[in-house]
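Residue numbers (my numbering), protein chains in the order written: chain A, 742 to 1140; chain B, 742 to 1140.
Wrong hints could be hidden among the right ones.
Treat identical chains as interchangeable: a pair holds within one or across any two.
Result set (DSBU-like, lysine-lysine): computed pairs, CA atoms no more than 30 Å apart in a straight line [said to hold, decoys possible]: (1) K1133 with K744; (2) K1007 with K863; (3) K1074 with K1088; (4) K1075 with K1133; (5) K1117 with K830; (6) K755 with K1117; (7) K830 with K985; (8) K744 with K1094; (9) K1007 with K766; (10) K744 with K1075; (11) K1094 with K766; (12) K755 with K1133; (13) K985 with K1103.
Treat the hints as calculated values from the structure; they're not laboratory data.
There are 2 protein chains.
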Amino acid sequence: MAKMLSVVFARGFKVGSGRGGLKTKGDDVMFLVADEPAVAAALFTTNKMFAAPVRYSREVARRGHVKAIVANAGNANAATGDAGYANAKEMARLAAGYAGCRADAVFVASTGVIGRPLDMAKVRAGISAAAANLDVNAAAAAAAARAIMTTDTRPKSAQREINISGRPVRIGGITKGVGMLSPRLATMLCFLTTDAKASPAVLRRALGAAAEMSFDRVTVDGDMSTNDSLFLLASGRSPAPAIKAGTPRYRAFVKALTEVCVELAKMMAADGEGATKLVTVNVSRAASDAAALAQARAIANSPLVKTALFGCDPNWGRVLAAAGYAGAPFEEKKAVLSFNGVVAFRKGVPLPKSGAINDVMKEREITIELDLGLGKGRAVVYTCDYSYDYVKINAEYHT
Amino acid sequence: MAKMLSVVFARGFKVGSGRGGLKTKGDDVMFLVADEPAVAAALFTTNKMFAAPVRYSREVARRGHVKAIVANAGNANAATGDAGYANAKEMARLAAGYAGCRADAVFVASTGVIGRPLDMAKVRAGISAAAANLDVNAAAAAAAARAIMTTDTRPKSAQREINISGRPVRIGGITKGVGMLSPRLATMLCFLTTDAKASPAVLRRALGAAAEMSFDRVTVDGDMSTNDSLFLLASGRSPAPAIKAGTPRYRAFVKALTEVCVELAKMMAADGEGATKLVTVNVSRAASDAAALAQARAIANSPLVKTALFGCDPNWGRVLAAAGYAGAPFEEKKAVLSFNGVVAFRKGVPLPKSGAINDVMKEREITIELDLGLGKGRAVVYTCDYSYDYVKINAEYHT
């Protein structure tokens, strides 16, 4: 297997990390620089309460080309008013100085506590340190994945190389956190790079398609962050021809991009606050795809389902009830439910508990498969269980 | 204060309780009988996965007149197929024998584990025992409130007397459980009686109005039961004149009925699984009532808000973020948020934490007041916090 290079796997990017002192220890600033202005696409939280860096980066995204991304962990710069916006802009300006570009060609992201002013002296020190160790090797990539962590217990990186018209195209990235929101530091941030050639419009469309099947399908607690940001930069340095919408090349690119995003999304779900299990909810033969998604989300967000999973209990009653209240067609007599391939409920009748089902429930990865027997709709959602530690992490933190 | 007579506070009803052996200890069957066929109204879970007694009682409710209600705790008779429906019907038939009426004049309700056949020998014994001690005193009322309990830590009863045209009208009732769904026994069941004179249509309308402002506004975990049932019987034995829709008498009756329902609903929220606090979410000056309700529900259902409350943390960031993602208008710069009257966030600016706010967060009842500064919409929702015990109760139970 190739070395994990994540954001510097694609040609045309360097990354550096540095410590400014915003977190209690370790690097807390990440600085990603493109050799030349890159085609850019981004997606942000849809929360009407959103942080200053989201406001700033939304404006940058409209321009379509970006030279650098600067991110800090330890402070979300959210609910910080006009001063917070000025600080986000200043972060961009400082980063632009090192990247050799204008401030409006720099994406900014922050994650951490809400409602506290950013300590700009620390941010400045962190950016300066990160800019001093820009590199393209595995160590730089690993350090970047660590610098953006907050309550994450491990760094999250992924990469994929595909051939387009016989030439290699690379995609890679890092992500952090999931809560989804939290003063307890659990915003989702994701930074992706590729060396594909694509217009801003094509890149946006590809990112939207990939996110819909990955990050949009992760849920830890159904809460939505004020800071969630997903960035994709494309250097165009691959020798492969340009990717145009609606072509086989486009589909191949979206497929690979989606795979990278799903891999990162599953890492986030598995590392949800207090999580002991990665849970995949797979709803099939629903009345429609939209129905399947509503039902998969209801199951994935149900605290009763999640606590049962923590208790290794194949609690089919809770799963079916969640499917029943999701506002989509449901018929108890047509539903078949299984956990990791072992059927627990078939067409109106719960099956006697077997040793087999007790065994699979102890596994660290659980797939809940619900076949509704109604139509052709399907959806997959990723989540985790609810443990004592979820409550502990979120109750013990004090603003 | 008057003795608590709950379901026998209104004239024209008797209640009895008995043990059939469905719960590990104590009475588990409640039997309520009207002296004469009573006008009836009922509301049920909207879950598409619903239990056999709900299917049976829905048919009974269409008739408009009911002579008795029989309920058991310890087994929900849900996901039990056609045999379950036959058992619900048999419960009604057995109760009808004691009440001296037809089986289609008996409401049936069950709460407890899902997916296990009802042990009809036990049910029969319980109904027989309950029928043998029908009475109108406080002891009978208290025993009934206990018989229907599952994970409830205390019985829940309420009553109210009002004057209509100078004559007394009484309303009373008992309720149990909240989860809202659970194989861990947490269906909501509520039994209300009144001696008001009203037609089935007027009674249904009044019950709908009262439930909308009470039981529809309680949430523990956002999950919805397969068995939730709310029944209201009216004996017409009050000397007050009949209640017609749209009159001052109707409004007075709905007001009192709503007060009884709110009192019972708040008891359910305060006794949510693992709850340490009763939480009232009061959203005002929202864009509309519907917007306020969506935002109050988002706040009340947010696991991050609920764990913060358990931790006695005035976490305004989580409350505002939930209001921001509820799909309703929200402007950070106009919002004012307080906990038990102490302001934590005002128009874009978090307030420094004071001793006062730390003190109020330790109280057992917390009112979160969010003034959105946008319009005239308002809504109140009742909930509780999430504690370690919520996870414990729901993880350790095994189907």
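Results of checking the hints against the structure:
{"no.": "1", "hint": "K1133 with K744", "in the structure": "neither (36 Å within a copy, 42 Å between copies)"}
{"no.": "2", "hint": "K1007 with K863", "in the structure": "neither (32 Å within a copy, 48 Å between copies)"}
{"no.": "3", "hint": "K1074 with K1088", "in the structure": "within (4 Å within a copy, 52 Å between copies)"}
{"no.": "4", "hint": "K1075 with K1133", "in the structure": "neither (39 Å within a copy, 32 Å between copies)"}
{"no.": "5", "hint": "K1117 with K830", "in the structure": "neither (48 Å within a copy, 36 Å between copies)"}
{"no.": "6", "hint": "K755 with K1117", "in the structure": "neither (45 Å within a copy, 53 Å between copies)"}
{"no.": "7", "hint": "K830 with K985", "in the structure": "neither (34 Å within a copy, 64 Å between copies)"}
{"no.": "8", "hint": "K744 with K1094", "in the structure": "neither (44 Å within a copy, 48 Å between copies)"}
{"no.": "9", "hint": "K1007 with K766", "in the structure": "within (26 Å within a copy, 45 Å between copies)"}
{"no.": "10", "hint": "K744 with K1075", "in the structure": "neither (47 Å within a copy, 50 Å between copies)"}
{"no.": "11", "hint": "K1094 with K766", "in the structure": "between (48 Å within a copy, 25 Å between copies)"}
{"no.": "12", "hint": "K755 with K1133", "in the structure": "neither (38 Å within a copy, 47 Å between copies)"}
{"no.": "13", "hint": "K985 with K1103", "in the structure": "neither (46 Å within a copy, 59 Å between copies)"}
Figure legend: structure checked against the earlier numbered hints; hints not met, in rising order: 1, 2, 4, 5, 6, 7, 8, 10, 12 and 13.
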